[in-house]
Amino acid sequence: MTALMESRTALAATDSAPRRNGSHLRNYLWALPAVILVVGVIHAGIAFNLLSSLFDWSGVGAPTDFIGAKNYQTLSQDPIFWRSLRNTLLFALVTVSVQLVLGLGLAILVRTKVRLAGLLRTMIFVPVVLAPAIVATSFRSLLTPDGAINKLIQGVGFSDFSQPWLADPKTAFAAIMLINVWQYTGYSFLIYDAAIGQVDAAIFESAQIDGASAWQVTRLILAPLLRGSHLVLIILGFVSSLKMFDLVYLTTGGGPGTTTQVLTGYIYRQVIAQFHAGYGAALSVILVAIAFVFSTIQVRLSTREAR
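Per my numbering, numbering of the sequence shown is gapless, rising by one per residue and ending at 308.
Now the in silico label distances, taken between C-beta atoms and shown as ranges:
#1 L226 <-> T75: 42 to 50 Å
#2 R301 <-> Q199: 19 to 27 Å
#3 A48 <-> F276: 17 to 25 Å
#4 A70 <-> I273: 19 to 27 Å
Note that these hints are calculated values from the structure, not bench results. Cβ coordinates follow ideal geometry from the N, Cα and C atoms, glycine included.
Hey, can you work out the whole structure from these sequences and the hints?
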């Protein structure tokens, strides 16, 4: 009897091995279209871009004039590139920081103090789903010298503060950052609101019983508990800022001068407007390298948080 059972067990194991192998094969086949798309579009594009950066190429026809690392040497001495890079990083730092603070504040407010919280959640998140082209063109109209913003300022008696917000080098970049904050703070709010909903309310009640103020509860208890949300929003915000193009292009076009020029806008200008595709490819390689650094940081920190 024992021998018969052992033989049946061995036979079942032999029969299940091909099934498991077949199941694994089907899983790989299901993933194959996505793999082909990612490799064929993204990775192949990055490889071709890297190759193109080694040529003096106009973007028309095949690249033939090999110049090696000369585009990178030119790039290192290009003041507009450094201005664009500085603007991009400054834009990321300011907008992400402000969105985190406002998003967390609004999430705490909705969770604790405000009635009609569902309606308020919807109103805060609506700008996030608007097309950037619509937001950019709307604010470009609002911020003209005779636009609604200046009329409102003049109407409340502060006529000296009205100015061409997007045409003045002193205010143009700040205005663009404020537009971005207005549109995407709702995303930070949504992440924080969901995260706060997962925290046990008894923790806050215990702190309040012990005499902790609202500020102490937020700073010493809630903020550390939301560390994972902070990380996700910071990394995604920085990577998103690196890709930011449409808002600047449709409001100021990178002007006045190069005051609001960002890296993606400078790449567009070199490749599309001036037909310097080889040099634009070198700029794109730098952009990809920066994005890769932030993505690597995100993966490593996320793995550490999971542990």
